[in-house]
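If you want the building blocks of each chain, they are given just below.
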Amino acid sequence: MPALLDVRDLHTEFRTGAGIVRAVDGVSYTVDAGETVAIVGESGSGKSVGAMSILRLIPDPPGRITKGEVLFGGRDLLRLSPQEMRAVRGGEIGMVFQEPMTSLNPVLTIGRQITETLEQHRGADRAAAERRAVELLGLVGISDPERRLKQYPHQLSGGMRQRVMIAVALTCEPRLIIADEPTTALDVTIQAQILELMANLTRRLNVALIIITHNLGVVARYAQRVNVMYAGRLVESGPAAEVYHDPRHPYTMALLRSVPRLDKPRQARLDPVEGQPPDLTRLDGGCAFRPRCRFAVEACAAARPALEAAGAAGHLSACFRRDEIATAAVAA
Amino acid sequence: MIDARPLLEVKGLRMHFPISEGIMLRRQIGEVKAIDGVDFSLKRGETLGLVGESGCGKTTTGRCILQLEKPTAGEILYDGVDINSLSPGDRRALRRRIQVIFQDPYSSLNPRMKVGDIIGEPIHVHGLVPDAAKRVARVRELLSICGLDPGFADRYPHEMSGGQRQRVGIARALALEPEFIVCDEAVSALDVSIQAQVINLLEDLRERFGLTYLFIAHDLSVVRHLCQRVAVMYLGRIVELASCDELFDNPLHPYTRALLAAVPVPDPTIEAGRAFQPVRGEVPSPINPPGGCVFHPRCPVAVDGCRRTRPELRELRPGHWVACSEVS
Numbered sequence: 000m001p002a003l004l005d006v007r008d009l010h011t012e013f014r015t016g017a018g019i020v021r022a023v024d025g026v027s028y029t030v031d032a033g034e035t036v037a038i039v040g041e042s043g044s045g046k047s048v049g050a051m052s053i054l055r056l057i058p059d060p061p062g063r064i065t066k067g068e069v070l071f072g073g074r075d076l077l078r079l080s081p082q083e084m085r086a087v088r089g090g091e092i093g094m095v096f097q098e099p100m101t102s103l104n105p106v107l108t109i110g111r112q113i114t115e116t117l118e119q120h121r122g123a124d125r126a127a128a129e130r131r132a133v134e135l136l137g138l139v140g141i142s143d144p145e146r147r148l149k150q151y152p153h154q155l156s157g158g159m160r161q162r163v164m165i166a167v168a169l170t171c172e173p174r175l176i177i178a179d180e181p182t183t184a185l186d187v188t189i190q191a192q193i194l195e196l197m198a199n200l201t202r203r204l205n206v207a208l209i210i211i212t213h214n215l216g217v218v219a220r221y222a223q224r225v226n227v228m229y230a231g232r233l234v235e236s237g238p239a240a241e242v243y244h245d246p247r248h249p250y251t252m253a254l255l256r257s258v259p260r261l262d263k264p265r266q267a268r269l270d271p272v273e274g275q276p277p278d279l280t281r282l283d284g285g286c287a288f289r290p291r292c293r294f295a296v297e298a299c300a301a302a303r304p305a306l307e308a309a310g311a312a313g314h315l316s317a318c319f320r321r322d323e324i325a326t327a328a329v330a331a
Numbered sequence: 000m001i002d003a004r005p006l007l008e009v010k011g012l013r014m015h016f017p018i019s020e021g022i023m024l025r026r027q028i029g030e031v032k033a034i035d036g037v038d039f040s041l042k043r044g045e046t047l048g049l050v051g052e053s054g055c056g057k058t059t060t061g062r063c064i065l066q067l068e069k070p071t072a073g074e075i076l077y078d079g080v081d082i083n084s085l086s087p088g089d090r091r092a093l094r095r096r097i098q099v100i101f102q103d104p105y106s107s108l109n110p111r112m113k114v115g116d117i118i119g120e121p122i123h124v125h126g127l128v129p130d131a132a133k134r135v136a137r138v139r140e141l142l143s144i145c146g147l148d149p150g151f152a153d154r155y156p157h158e159m160s161g162g163q164r165q166r167v168g169i170a171r172a173l174a175l176e177p178e179f180i181v182c183d184e185a186v187s188a189l190d191v192s193i194q195a196q197v198i199n200l201l202e203d204l205r206e207r208f209g210l211t212y213l214f215i216a217h218d219l220s221v222v223r224h225l226c227q228r229v230a231v232m233y234l235g236r237i238v239e240l241a242s243c244d245e246l247f248d249n250p251l252h253p254y255t256r257a258l259l260a261a262v263p264v265p266d267p268t269i270e271a272g273r274a275f276q277p278v279r280g281e282v283p284s285p286i287n288p289p290g291g292c293v294f295h296p297r298c299p300v301a302v303d304g305c306r307r308t309r310p311e312l313r314e315l316r317p318g319h320w321v322a323c324s325e326v327s
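Note that the protein sequences, when read in sequence, are chains A and B. Using numbering that gives the first Met the number 0, you'd call the opening residue of the first sequence number 0 and step up by one each time. Using numbering that gives the first Met the number 0, you'd call the opening residue of the second sequence number 0 and step up by one each time.
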């Protein structure tokens, strides 16, 4: 069965005063129906731009998708007309963004933001749309949905707003939801509630989920597969358990080692990833992680390693030394 | 070394912000009880973590200690002296000894000032190094203490990454040779790979200069790593206070347990085997907090009495304080 989403060799550039930034530089991955895939990386790694490119939400200028294919249900989204693309956004693909206050319209009621979607995408009449809105708010755990429909976003707490965002994303029974740091702005206990809600709903409704996050714990809890990004490229990809227990890229290894953990005894000292994040306007032809990598050799300066099989089935790493470093990690 | 005498004592601290209504005839219609009776102390050389969710009063507590807010009630004794009874001159001298590191390295540095001036200004204002050339040397020294190239003194904040900016914020806090630093979410805005670098720097500086930290944060794993003792706040009160190991190995307050359970650990195997029920509900408004125990509407073990009586902190084990009537 073909994948629900098949991103092939995606390139997105931004023209800036300092030169061309290749924010997404040849990224390929797939998402199966009903699957949860996490995209992890730090600020500037291209994780958000990559997801926004799928939806063609890149401001042009300065940005531009220069190359690649985004196959969704057999169609290349990059070739659709603007009208067709509008039907996909909020229709077959739902979106949940980080900051629910800025992504909800402050001058429309909660109810209107849901019914508008239904009227636009489904041609539903007002009464039917409102019935469905009440149902959706109930589904995302908002109590007293009839009253909430008439409220404005500022009258809701951050957690409630994010529930509304999820309701909006689910409105047209999408097959895929893209969630960009959906809980980063929320408190710990509310974050847990929202993530559990998303996990339960996507499982129940068989919706695939791309969750973009920098939180390694969230990935471990919710994702079946992980894509690790660094400097615009995928550096490691695979089943979550594989990537966490047998990381094959030095960046992933360093990232996992650098976080203080509640499930392990307290360490005397943390083991950080040394150096600074890369300046994307000054990348050379070698591996972008090379200056911070403790495994770097001469070959790493000569060419950027491609994403190739490492370890178990479906596990890929973009490191020349992907097989050696696994043994090195065991020895360490 | 930890000295037995407390460097800072906070007693019965309350900070209520008035809510007013009306344009011509402004009248007070209520108040936000940001801090509603907080007591703790800190020994010299110790790091105390203050954790809780937004609106619990952790930042306001830090601001009261920094004299950025005048508390409604209560005392803050620094080195045995109530800071709110000081003369303006003494207060200024005290400000030198207590510094702060803020969360956001983007908004807490003046974008129009060079890094060297940002760090040099407090030294100049307090007259620590009157000679301009010596001041430049001191700034360069501070930069290198914080792991930055001294050449950064001639740069502007926008030329630096988030982690580098936060190091500038730390250098500025160190410029006045303080004893006590309030770290308000000092590593929260940083990327994972940079966070560990800055945590290590804070630990090195604590050792090198004998600093005392009040470490305000919401990230429990970072707090566990850095702190000797931890206070958990909820709606303006401390609900649990214990040594770090005791609090994380043996949390007693239902809220602390809920907080710890809400943190997913970076291990898919552990997470797959963990039954997980997030705590229900949201933090109530501090304008109209629930009667009795403030946590009772969300609490899984609440009984009828919790609605009526507000539990005080009790020392259930040596050094382990809990404000809950249902645990023992």
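No lab work stands behind these hints, which were simulated from the structure alone. No residue lacks a Cβ here, since even glycine has one placed at the ideal position from N, Cα and C. Mixed in with the good hints there might be a few duds.
[What the hints assert, rightly or not] Once the Cα atoms are required to be at most 16 Å apart in a straight line, the calculated EDC-like pairs of lysine to aspartate or glutamate come out as:
hint	chain 1	residue 1	chain 2	residue 2
1	B	Lys133	B	Asp116
2	A	Lys263	B	Asp248
3	A	Lys263	B	Asp116
[What the hints assert, rightly or not] Quick look at which bits of chain B chain A covers, simulated, 3 or more residues with Cβ under 8 Å:
hint	region
4	58-72
5	183-197
6	315-321
[Claimed, not checked] Beyond 10 Å from chain A on every Cβ pair, some chain B residues (computed):
hint	residue
7	Arg13
8	Gly36
9	Glu45
10	Asp78
11	Pro87
12	Ala92
13	Val124
14	Ala131
15	Ala260
16	Glu281
17	Cys298
18	Ala301
19	Arg306
20	Val326
Here's how the hints hold up against the structure:
1. Lys133/B <-> Asp116/B: holds, 13 Å
2. Lys263/A <-> Asp248/B: holds, 11 Å
3. Lys263/A <-> Asp116/B: violated, 42 Å
4. 58-72: Our answer is that it is violated, as 0 residues pass the Cβ test (under 8 Å) against chain A, missing three.
5. 183-197: holds (count 7)
6. 315-321: Since three or more residues must qualify, the claim that chain A covers the region 315-321 of chain B is violated, with 0 doing so at under 8 Å.
7. Arg13: holds, 23 Å
8. Gly36: holds, 22 Å
9. Glu45: Glu45/B is indeed farther than 10 Å from all Cβ atoms of chain A, at 16 Å.
10. Asp78: Non-interface label stands for Asp78/B: nearest chain A Cβ at 30 Å, farther than 10 Å.
11. Pro87: Non-interface label stands for Pro87/B: nearest chain A Cβ at 38 Å, farther than 10 Å.
12. Ala92: holds, 35 Å
13. Val124: holds, 31 Å
14. Ala131: holds, 31 Å
15. Ala260: violated, 8 Å
16. Glu281: Glu281/B is in fact no farther than 10 Å from some Cβ atom of chain A, at 5 Å.
17. Cys298: holds, 12 Å
18. Ala301: The claim holds: Ala301/B sits with its nearest Cβ about 16 Å from chain A, beyond 10 Å.
19. Arg306: holds, 20 Å
20. Val326: holds, 19 Å
Checked against the numbered hints above, the structure violates hints 3, 4, 6, 15 and 16; every other hint is satisfied.
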